[in-house]
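One letter stands for each residue in the lines below.
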Amino acid sequence: MCEFCAKHGQGNRWYLNPDNFSDQMMEDPQRRKTLEKVGGWGIEYYIDFTSRMTQLVNLPVIGKAVKAIINRMAPNEHGGQVVSLEDSLQLLEYAKDFVLLPCECRRIVGNREDLVCLNFGPVKEMQQRLLPEGRMEELSLQEARQVVLSSDERGHFHQVLYAKMPFPVCICNCDARYCTSLKQRWANNVEAAIFKGHEVCAVDAELCRFCEEPLCISRCSFGALHYERDAGRVHLHAGRCFGCGLCRTACPRGALSLAARDSLPAMVGTW
Amino acid sequence: MNEYKVRVADCDAEACGRRCQEACPQGVFLAVPREKNHARHGADPHYRIAARFAYFCDGCGECLSACGQDAIRITSRRSGESIGIPATQA
Chain A
1 MCEFCAKHGQ
11 GNRWYLNPDN
21 FSDQMMEDPQ
31 RRKTLEKVGG
41 WGIEYYIDFT
51 SRMTQLVNLP
61 VIGKAVKAII
71 NRMAPNEHGG
81 QVVSLEDSLQ
91 LLEYAKDFVL
101 LPCECRRIVG
111 NREDLVCLNF
121 GPVKEMQQRL
131 LPEGRMEELS
141 LQEARQVVLS
151 SDERGHFHQV
161 LYAKMPFPVC
171 ICNCDARYCT
181 SLKQRWANNV
191 EAAIFKGHEV
201 CAVDAELCRF
211 CEEPLCISRC
221 SFGALHYERD
231 AGRVHLHAGR
241 CFGCGLCRTA
251 CPRGALSLAA
261 RDSLPAMVGT
271 W
Chain B
1001 MNEYKVRVAD
1011 CDAEACGRRC
1021 QEACPQGVFL
1031 AVPREKNHAR
1041 HGADPHYRIA
1051 ARFAYFCDGC
1061 GECLSACGQD
1071 AIRITSRRSG
1081 ESIGIPATQA
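Just so you know, the protein sequences line up as chains A and B, in that order.
Numbering follows our numbering, in which position 234 of the first sequence is assigned residue number 234; successive positions increment by one, without gaps.
Each number in our numbering comes from the position in the second sequence (counting from 1) with 1000 added on.
No wet-lab data here; the hints were simulated from the structure.
Backbone N, C-alpha and C fix where the C-beta goes; we use that ideal spot for every residue, glycine too.
A few of these clues could be false.
Unchecked claim - Each computed DSS-like pair below joins lysine-lysine, with the alpha-carbon atoms no more than 25 Å apart:
#, chain 1, residue 1, chain 2, residue 2
1, B, Lys1005, A, Lys64
2, A, Lys67, B, Lys1005
3, A, Lys124, A, Lys96
4, A, Lys37, A, Lys96
5, A, Lys7, A, Lys67
6, A, Lys33, A, Lys164
To be verified - Label pairs and their in silico Cβ distance ranges:
#, chain 1, residue 1, chain 2, residue 2, range
7, B, Asp1010, A, Ala6, 23 to 29 Å
8, A, Pro29, B, Met1001, 37 to 43 Å
9, B, Cys1016, A, Glu213, 33 to 39 Å
10, B, Gly1059, A, Gly269, 33 to 39 Å
11, A, Arg240, B, Arg1078, 23 to 29 Å
12, A, Val268, B, Gly1068, 48 to 54 Å
13, B, Arg1078, A, Pro29, 50 to 56 Å
All chains should be built: construct the whole structure from the sequences, respecting the hints.
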């Protein structure tokens, strides 16, 4: 269980606690301020700002202090955590006012206008107010579920984004080429840029056998799987796994599964 | 990772259609809005290109051939040598 689940999950994962989706969450002035800032600045400006900030952790002498400050402050602002397909679909049951927006990461990193960012809660009203001419598609719950399922099939991992923990506002569906959160985490080792999920991939060594070109490896955005040619099977680098679970759906033998992060001693507390 | 320095001159990103971003397989380039608060004020975004994620550059040189303004320079951190346009595209 991560620290956010302990504080806000009421025995469950923080994004699966129905109370955290309540309209009353918007009564928190700091949360309103965060949402207005991110929406008002423009998401691309916010990404530019945060990516400049996370670079500061590489400065000599003050870098460690900067990293500690960012990791402490980020949960009170805007960030995300990787979630499995099952958790993504379940959390949609507690959300409302679904809208599909173009992914800002894809727009400002890849010059693409892909409608893959599944937002809910207050985002619809904010988008209508702040960017009335921007692209937006309103969705039913069933259509929202289909977006998540289609993204999973395409090989896009899911991330639940919060506007001041523990208020979920979006399921982002992306990959390593474009995801600016992941880039910030990898380049600068800032955990709060994107937290790992509650699970870790597990490989059944008996079932994993002699794929010529393992699809699971190409679907892993995190570089956690490697093919051991001599042994004829896939090897997992658990420390790199973010627990998205995309590898599972590609395995024709069902050799891959997700295990609770807490169940693996070496992975406990590695968010 | 972090093997190359990537420098981008102050190019006209709107004019070329941000071709370097489309070409880069690693997503090294970030389109940075020139004006803050453009969303709040409804103004059109104007971008400049920054090599914000140069850490991920693998030196493939795809961006060099895509850039029509000769605005990108890639240098190896180890050898100090500049990377040129890939031979297949020169």
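A quick look at each hint next to the structure:
Simply put, Lys1005/B and Lys64/A have alpha-carbon atoms about 23 Å apart, close enough for the 25 Å limit, and the pair holds. A threshold of 25 Å between alpha carbons decides the hint, and for Lys67/A with Lys1005/B the separation of about 23 Å falls inside it, so the pair holds. This hinted pair checks out: Lys124/A and Lys96/A have alpha carbons roughly 10 Å apart, not beyond 25 Å. At most 25 Å may separate the alpha-carbon atoms for a hinted pair to count; Lys37/A and Lys96/A meet this at roughly 22 Å.
Between Lys7/A and Lys67/A the CA atoms are separated by roughly 22 Å; this keeps the pair inside 25 Å, and the hint holds. As the CA atoms of Lys33/A and Lys164/A are separated by approximately 10 Å, the hinted pair is consistent with the 25 Å bound. Between Asp1010/B and Ala6/A the beta carbon distance is about 48 Å. The supplied range of 23 to 29 Å is therefore violated. Checking the proposed 37 to 43 Å range against Pro29/A and Met1001/B shows it holds: the Cβ atoms sit about 41 Å from each other.
A C-beta distance of roughly 36 Å is found between Cys1016/B and Glu213/A, which places it inside the suggested range of 33 to 39 Å. In this structure the hint that Gly1059/B and Gly269/A lie 33 to 39 Å apart at CB holds, the actual value being about 36 Å. The hint said 23 to 29 Å for the Cβ distance between Arg240/A and Arg1078/B, and at roughly 24 Å that hint holds. In this structure, Val268/A and Gly1068/B meet the distance hint of 48 to 54 Å, their C-beta atoms being roughly 52 Å apart.
Taking the beta carbon of each, Arg1078/B and Pro29/A are about 51 Å apart, inside 50 to 56 Å as hinted.
Consistency note: the structure conflicts with earlier hint 7 alone.
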